[in-house]
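Number of protein chains: 4
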Amino acid sequence: MSKTIETSHHPYATKSDMLVRLRKIEGQVRGISRMIDEDIYCDNILHQFRSVEAAINGVRKTLLEAHVKSCVVGQIQEGNLQVVDELITTIGKMTR
Amino acid sequence: MSKTIETSHHPYATKSDMLVRLRKIEGQVRGISRMIDEDIYCDNILHQFRSVEAAINGVRKTLLEAHVKSCVVGQIQEGNLQVVDELITTIGKMTR
Amino acid sequence: MSKTIETSHHPYATKSDMLVRLRKIEGQVRGISRMIDEDIYCDNILHQFRSVEAAINGVRKTLLEAHVKSCVVGQIQEGNLQVVDELITTIGKMTR
Amino acid sequence: MSKTIETSHHPYATKSDMLVRLRKIEGQVRGISRMIDEDIYCDNILHQFRSVEAAINGVRKTLLEAHVKSCVVGQIQEGNLQVVDELITTIGKMTR
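Chains as they are written, first to last, in this note's numbering: chain A, 1 to 96; chain B, 1 to 96; chain C, 1 to 96; chain D, 1 to 96.
No lab work stands behind these hints: they were computed from the structure. Warning: the hint list may mix true and false statements.
Claimed, not checked - Listed below are several chain D residues computed to face chain A (Cβ distance under 10 angstroms; list not exhaustive):
id	residue
1	20
2	46
3	57
4	65
5	77
6	84
7	94
Remember, it's a predicted structure, so these values are computed and weren't measured experimentally. From the three backbone atoms N, C-alpha and C, an ideal C-beta is built for every residue, glycine too.
Work out the full structure, taking the sequences as your base and the hints as a guide.
The structure is reproduced here in structure tokens:
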């Protein structure tokens, strides 16, 4: 069950925006399956992969932004600098 | 409806392998939605994004390989070199 | 010593174009060293990294294109399909 | 001229480490020029590009880490949250 708005660490709008976009991504992935099943020309399918990738990357950025603005800033302000190492590790993974 | 094996430009095994993997990716995306909905700690969700990205990239490589080995090689052998420009454009997009 | 134009597998124009761009990239890298040495604000330096990355990626694409259009196409036409596996491995590495 | 250690916002060790690595990258780029000039087989050169990319990405991560640990944390602790938006923009650019 979904947490109530009060206890969530994301603003409600951000959260439902991400959920809507993820649902759309699911549909895009299903679309790729259909294209492969129907033997659509590969180049067109590869183009569709790029859309999915861009959409996923977009949600991930939104999530990271929410994470930094809430958790990370809060913890730094409370003097917990361990969160900084964690953030750097996360960024490192996102950029290969 | 799915084309019969004979007319498909992918080997049957490659095609069903890709479809299985795409179905799994759909499930992974749904899993991210659930994690966001349940307010799981962001860092864990960001990790999940990386799995999805890797899985998508894997299917895309399989598709590109099938494309090159069937369509591209065939067209080159028939003297249609336009397919080469198209391939280069495709690779260019895949590598940013 | 540089090979003569006749024996090179790249058109002469492509080759000198790539060399000019690589020399410029060397200068850009040296510029980053200077910025770090002079304690320029990091965000500006990170921007400079992106320029270098884009420039390197550009040369790499030119090289790959020349490679595909000369070596790969030629070998396929001669019936040597092993070059295709090699190309797929190369593309796979370029896209992570 | 280089700033003195006292005024630099990077620890001295980090700074000289980055400078050494950038100098090595310059050499690697020069190596690629030489390979192209000498008509080395493209696939080998493309491999070399990956080394350069990895090395550049490594320095960039070190710089970002130093940036976050000094500037960003410091500004957040002083209540200047504008630095957070800037960081998010920077990360966004690094991850496409």
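Here's how the hints hold up against the structure:
1. 20: With Cβ-Cβ at 20 angstroms, over 10 angstroms, it is violated.
2. 46: Nearest chain A Cβ about 17 angstroms off; hint violated.
3. 57: 6 angstroms, holds
4. 65: 5 angstroms, holds
5. 77: At about 7 angstroms, which falls below the 10 angstroms cut-off, the nearest Cβ of chain A leaves the hint on residue 77 of chain D intact, so it holds.
6. 84: 6 angstroms, holds
7. 94: 5 angstroms, holds
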